[in-house]
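Got two chains here, separate frames each, mind docking them using the hints?
Chain order of the listed sequences is A and B.
So for the first sequence, my numbering puts the first residue at 54; every next one is plus one.
So for the second sequence, my numbering puts the first residue at 81; every next one is plus one.
If you're looking for bench data, these hints aren't it; they were derived computationally from the structure.
These numbers were taken from a predicted model, which means no experiment stands behind them.
Every residue, glycine too, gets a C-beta built ideally from N, C-alpha and C.
Worth double-checking, as some hints may not be accurate.
Claimed, not checked - Simulated restraints, written as ranges between beta carbons of each label pair:
(1) Glu130(B) to Leu496(A): 46 to 54 Å
(2) Arg107(A) to Gly188(B): 44 to 52 Å
(3) Glu130(B) to Arg432(A): 33 to 41 Å
(4) Met183(B) to Arg432(A): 46 to 54 Å
The residues making up each chain are set out below.
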Amino acid sequence: MNLRRFFSRPAVDAELAEELDAHLQHEVDDNLARGMSEEEAWRRARVKLGSVRRVRETMWERNSLEWFETGLRDLRYAVRTLWRTPGFTVTAVLMMALGIGANVALFTVVRSVLLKPLPFREPDKLIQLYEKSPNGRREYSYVAGGMYAAWKRAASSVEQMAVYGTDSINLSGTGGQLPEKIRYATCSWNLLPMLGVVPEVGRSFVEADDRREAPATTMLTHSLWMRRYAGDRGIVGKTILLDAKPYTVIGVLPAWFEYPDTRTQLWAPIYHEQSSQMMEAVDNHNFFVVGRLRPGATLAQALSQVDTAEKQVRAMHPTPSTSSEASARTLLDGVVHDAKATLYTLMGATSCVLLIACLNVANLLVARSASRRKETSVRAALGGSRWRLLREQVTESAVLAMAGGGLGLLVAWLGTEWLVQARPEMARAGAIHIDGVVLLFGLGVVVGCAILAGLIPSLSFLRGPLLESLQDSSRATSAGHGRLRLRRALLAVEVGLTVVLLTCAGLLLKSYNHLRSTDVGSATQNVLTMQFALPNARYNTAAKVASFYEQLLPRLRSLPGVKAAGVVTSLPGQGYGGDSRFSLAEHPDFAGGAVQYAIVRGADPGYFSALQIPLVSGRFFEARERLTDARSVIVSKSFARQYLGDEEPLGKHILIKDSSDASQGFEIVGVVGDTLWALTEQDTAMIYFPLYSGNWQNASIGVRSDGDVTMLALPIQKVLAELDPDLPVSDVLTMERSIGRSTGDASFTSSLVMAFAVIALALAAVGLYGVLSYIVTQRTGEIGIRIALGAQRSTVLRLILSDGLRPAWIGLLLGLAGSGFAVQLIRSMLYGTRALDWVLFAEVGMLLVVVAGIACAIPAWKASRLDPMQALRME
Amino acid sequence: MADLKKQANGEMLQGTLDMLVLRTLVMGRAHGHTIARVIENTSEDVLQVEQGSLYPALHRLEDRGWVRSSWGVSENNRKAKFYELTAAGRKQLVAERERWQQMVVAIGRVLGAASE
Chain A
54 MNLRRFFSRP AVDAELAEEL DAHLQHEVDD NLARGMSEEE AWRRARVKLG
104 SVRRVRETMW ERNSLEWFET GLRDLRYAVR TLWRTPGFTV TAVLMMALGI
154 GANVALFTVV RSVLLKPLPF REPDKLIQLY EKSPNGRREY SYVAGGMYAA
204 WKRAASSVEQ MAVYGTDSIN LSGTGGQLPE KIRYATCSWN LLPMLGVVPE
254 VGRSFVEADD RREAPATTML THSLWMRRYA GDRGIVGKTI LLDAKPYTVI
304 GVLPAWFEYP DTRTQLWAPI YHEQSSQMME AVDNHNFFVV GRLRPGATLA
354 QALSQVDTAE KQVRAMHPTP STSSEASART LLDGVVHDAK ATLYTLMGAT
404 SCVLLIACLN VANLLVARSA SRRKETSVRA ALGGSRWRLL REQVTESAVL
454 AMAGGGLGLL VAWLGTEWLV QARPEMARAG AIHIDGVVLL FGLGVVVGCA
504 ILAGLIPSLS FLRGPLLESL QDSSRATSAG HGRLRLRRAL LAVEVGLTVV
554 LLTCAGLLLK SYNHLRSTDV GSATQNVLTM QFALPNARYN TAAKVASFYE
604 QLLPRLRSLP GVKAAGVVTS LPGQGYGGDS RFSLAEHPDF AGGAVQYAIV
654 RGADPGYFSA LQIPLVSGRF FEARERLTDA RSVIVSKSFA RQYLGDEEPL
704 GKHILIKDSS DASQGFEIVG VVGDTLWALT EQDTAMIYFP LYSGNWQNAS
754 IGVRSDGDVT MLALPIQKVL AELDPDLPVS DVLTMERSIG RSTGDASFTS
804 SLVMAFAVIA LALAAVGLYG VLSYIVTQRT GEIGIRIALG AQRSTVLRLI
854 LSDGLRPAWI GLLLGLAGSG FAVQLIRSML YGTRALDWVL FAEVGMLLVV
904 VAGIACAIPA WKASRLDPMQ ALRME
Chain B
81 MADLKKQANG EMLQGTLDML VLRTLVMGRA HGHTIARVIE NTSEDVLQVE
131 QGSLYPALHR LEDRGWVRSS WGVSENNRKA KFYELTAAGR KQLVAERERW
181 QQMVVAIGRV LGAASE
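Pulled out of the complex, with its shape left as it was, chain B reads as follows (with noise of 0.2 Å):
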């Protein structure tokens, strides 16, 4: 399982964090330990984020001006950083929808002829 889990997480497609990381955001604005864990549960912990590569992923997300982020205080009272959608960013999900579920569908084709 904790191979699988790696596996998983390490051949994750370059960008696919990015993508997780807005649609998290889509539900509001969140701070980092929050979408981790969105992330994981959601995924039913197929997915483990590292901190490794959130935060740069977070960082990099509001150089592009798709995510900006602010101080304030978290639902367990403490200080966090947290960060909010940009409507560059909602735009930007979209499209990463998209070609993501183009390339499931043409994935899936390979795969499904290879296996006849």
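One chain only, chain A, in its complex shape (with noise of 0.2 Å):
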């Protein structure tokens, strides 16, 4: 309303000036009436009626609001000055536009990510259990189906509780589409009713659907139904071919529904899918389990009791693989566990860059009030109030920083689609976009670094006398010390973040290096990897599974251009791909009682020195050891020590306890060198058995050549679609990138903040330059008279240098210290680096005071090679 009229002065003055004017018409119409002259009548009028300009001046100030308009001045005035320093003005918005755009960017993925409630019916009623891993290395592990079942008959604080676990399945190829082996997952029919999904187009699954017997029914994600079947409604109904065979489409799911990823494409009811075996086993860790409170239950309360029975059932099943605790939390948190970390680390990164950025403008803002001090001091001198000079000092760097947070609005879009595309596979990466809180942080982040950098250089209006500058002569001063003092401690702060970014950037990135030159155990190099699943319903016998190897491994051999090709169910750095439990025929009971299982591989006779894994002892599989005469297993180097310590293993026979000829035994006949499943991992005891038993639907093609080992992808494609056109083919990567992949995060972040570092380290440099310049310029009286006296050029120039670099040795100190705390909390991340590592502090602390006696050093050597006379003469 005020603000309606403070706009509306103009018209409605105007208007006043015109009513005013009648009533003069008016007053000269009564005077003529009485028979005045026309200019009697006039003038009797005017004297009668007063000023008409102080009329319309009291209504207009009346409408006036004094604040807006003076607030409207003061920003025409910083603006005006900030026009005239062109080169300031760019520097300081680009820095602000940096640090403030860095922020908004990570704050939008942060919100997105890790903030905001999931998608699901009342969100914060669902928690996710699990149990923890027999060994007790991981506290959030996998579920067996049986326990599932008895938590699910225990916690009855828990309303609902359901299963899914995920695998992937090969979709026939139908209308000339090819196969493809894509990610599915399973789940309990109340799986989608409990998160509140209702189907797109068609029904969810029901209790009749989850069950062996059932015929096999299967819904679509959104995307698969997009991308496979464009968005056909009609496909429901229909029968799709899934491992070859028949499942009927009851339903498509809705796009936002992307869980518990973005790969998933297919759902399936559980029961049906796995074999009751399975779902009965305690010890067969295979699922995650997603329950919903009941109301005024707590996590707590149900993760007791679901611990309460984990206990009962391990108490009956006491066999080492059997879990003894459960553990729990939200379903948020298990959702986003992995990239929480990542976020916050960046988090704090780019905070620390903005306020490295703000401490910079707030530098410059203050060399800038220094230079206009003859000018607050004259106008403090005719009155004005501190009040309004500090006013004007905000509004000032409220403009810079508005200027800054527009354009940081522009590289926080920029940079929030960038990290989507870079980190595609980051959970909830789907959900993440710029909404109206996140630009009300935005907004709050300008108005913070509008009030930091504005302030900070007010500091000193606001204690000391103002007029003292007035008082100094103009001649051949240096500058006031409460200025300098402050603009020193500013540095300081900047260069102590500096360095904690440099530390934990440097020990993120040595981490990273150090996981990435992990060595595997077997060739790298010019090796091209992919992977296919046999279906079971084709290949039903374990003949035809050792057949299609067979006919397989010749033909890649002779492709030209192939030096060697092995085939095993999963290359080294694949992940897991599953285990086994096992006893020792010549130990039947073991000593020590470590928990007898062990990571297992079918693997082709020729793998091994395909992929130069180096033979130990013993030998490699045999082409005859085939069938029923695959009796013979190759263990890792590390399992014959952990389990059979200085015995000769070679000689030795393994029982796998769940396999139907346990009594057997598998004789050891070789033993190979160690290979990581993943780069983080160091679980190394294997057993490989011959991948020619049939017994081994999942495989890993991996072909060395001596080139460039892509081109090789096409022609091994061709081989397989020869063999069976209905295979579909996954992750054709060269070796180095199947392994990268799990790195990724590590480079992503390390990386990232790295750049981060890099930034602060220039925005620091940059700020020592400024401020010694600044120096240097207000003493060139002092240098020249210094110099005309009969100073050293070398006494000037270590005076000067000094004096820049005290605010550095500071800065590090305080940043040394608290590298220390910072880097407690990035500790997780670290992988075989310690977080305390004094070669790296020390690293960091050579180049920041490399950094910054550059950053001195320039101005210093300009100061030592004043001419005096001219010096002086400048005054």
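Pasting the structure below:
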């Protein structure tokens, strides 16, 4: 209302003028009627009515808003002042834009991924339940089907409980489309209703679908439906082939449903898909359990109930691989746990950069206000209030911050787009976008920056006499010490923050390099990998499976350019790939009580030499070891060391607990070098079985060549298509990239933090340089006199250098102390690297000293080159 | 006489002009000049209304919703801004008049007592 009146002042005034004019005319009319002459009538009317202008002014003032008007005036003044120094303005705006942009982008991601509730019904009541792994190494591990059933019976505080698992499955090609291997999830029928998911088309699973003997049903995710079936609603009720078995499509999930991740494309009922044996086993950990708390119940209650149930089950089945502890967290934490540390680390880094940018802008403003010292003093002397001067200063920084914020939003938008593109597999990546709250956050940051950058330089208005500088003679004096102290303190903080960023970035990078250079135990260069799975329905006998591999391998090896080729169920770095419980025939009861399970693999006879995994002793598999004749195994070096100690492993027999022919055992015929299933994992006790036994349907091909191995991708896929045109192939990658995928997160975080650290270092250097240059300019006269009186140029150089480097030293010490704390926070993200790495701390310190030295050397050198005559004349 | 007028005007109790304007408008819509003349004539020239007070008062009354204005043609065939009373203004006038009369009585009592 008031603002409206404020802006309509000119219109109101015009109307008033007209009205007053009418008044005057009427008065004249009256006077004329009284018989006066025209001239007299006008004169008397004017005398009577007095000043029209005064009335208009009164009304104008009444309609104006004082604060607003002075605010506008300050704004105009600030813009004009900034306009006069475009270099400073552009620098400051760019610094602010970078800082604000990076922060807003990160906040967008943090908010969308970590803070926003999941898009499910009453998401705060949803929890995820886990078993702790039997060896205690994993707090939040997979749940066994039987354990889920036991929990479900026991946990009264959980209103509903559902189970799901993920796997991959072959979707057969129809209508000219290629077959593909896709990720699919199996869930108990109640999962979708529990989450509040209503199908976009068709219906959801019902209890009757979720039985072993029920007809096979499936639900498509929206993305698969659009991609593969062009959004055809008629797909519901049709049959599609999964692993060569017919499934009826009963519904399509809505587009927003991207759970548990964006890669999952298809859902099926779990009790139909998994054997009842699997769903009853209490020591075969494969699934995830999600629950909805009863109203009023807490996570802790639910956990204590399932934990009690867990311990009862364990007491009844005291096998080594039955877990004895349950754990729980909210579903949101369960979904985002990996992203959390990364995002908060990045958020910390961007906050540091923003703070440094603000301090730098503040520093530049201090310099400006110092050069306008006389102006402010004169104004204060003439009665300008401190408050007024302060307001001008803050307005100026507010203009900078707003311009920076506007530009920063653009940076944020680009940054967010880039982040989403760079990390598509990050949990909830699809939900990331800039919204109102983010804009509000951006606004808050802008206001914060304006206040921070504006108030620091204004501090000197608030204390101390303003008039002092007027009394300074204009000649040959150095700047007041108050301001210099302030600028040095700002610089020290900047340098300190930079040091913290540098050490964290250094540690992350070191950890990443450590990770990257980890030897997985096999050849990685010039190796091409791809994966496939033979569908059970068509490869229903061991003989069919074995003969497929036996036909495939010679063809692969005869391809031109192929130096060696091998097939294994999982290549090094491709993941856990499954384990088995075992015992040793020669040692019926293990001493030491270690959990007796080992990672298992199926490998063809040529696999080890193809991937250059060294043979320690014994022999590789032979082609005759096929089907029922495949009674030999090869173990890894660490398996032999762990379970047989100093004994000779060759000739010992391994018994597999769960297999039907447990009695016979497999003879160890060879020992090979260790390989890692993931770069960060150290379990290397592995048993290899002959691939030609025909029991292994998941397979990875590893092909080694001399040159560019990617050229071989097409010929190999052709070979596979010749053998089985319906067999989809996935993950065609070089070995380096295949392994690199597991280091993606580390590389991403460390390089981003490094980038921020470099920016911070550059800003700090600019800050140091700026301050020292300013000091030198201020002291030109003094230095000129010193030189004129015979001071050595080296003395001057030393004087200025020590002046500039002092804040750097203080900042370095502060920073090193701060890093000591900061590195504790990122400890969980470090691999093979100590948090308190003194060498790194020393390196960072040195880097900083060098950069600070260079930043200070330039103005110091300039000072020492001063021509005294010119310096003194300049005043 | 001039002094007396000035005094009367200058010390006019705050809000009195508002009341007088409202009272004047009871007789129908009028423009600023008419209002001023009516007040002057009715008070037999004791109260002089300056446009410096009249127009701010009119605008204030309009802001409060007691009068509304519109442009029209005056009796002299000139363009003028006319003001008229709103329902709220009528109510306000009644209230003001009551308040004024109470005050006159009260002041009268005080002055009466003092003269004895």
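**Prompt:** For this structure, which hints from the list above don't hold up?
**Reply:** 2
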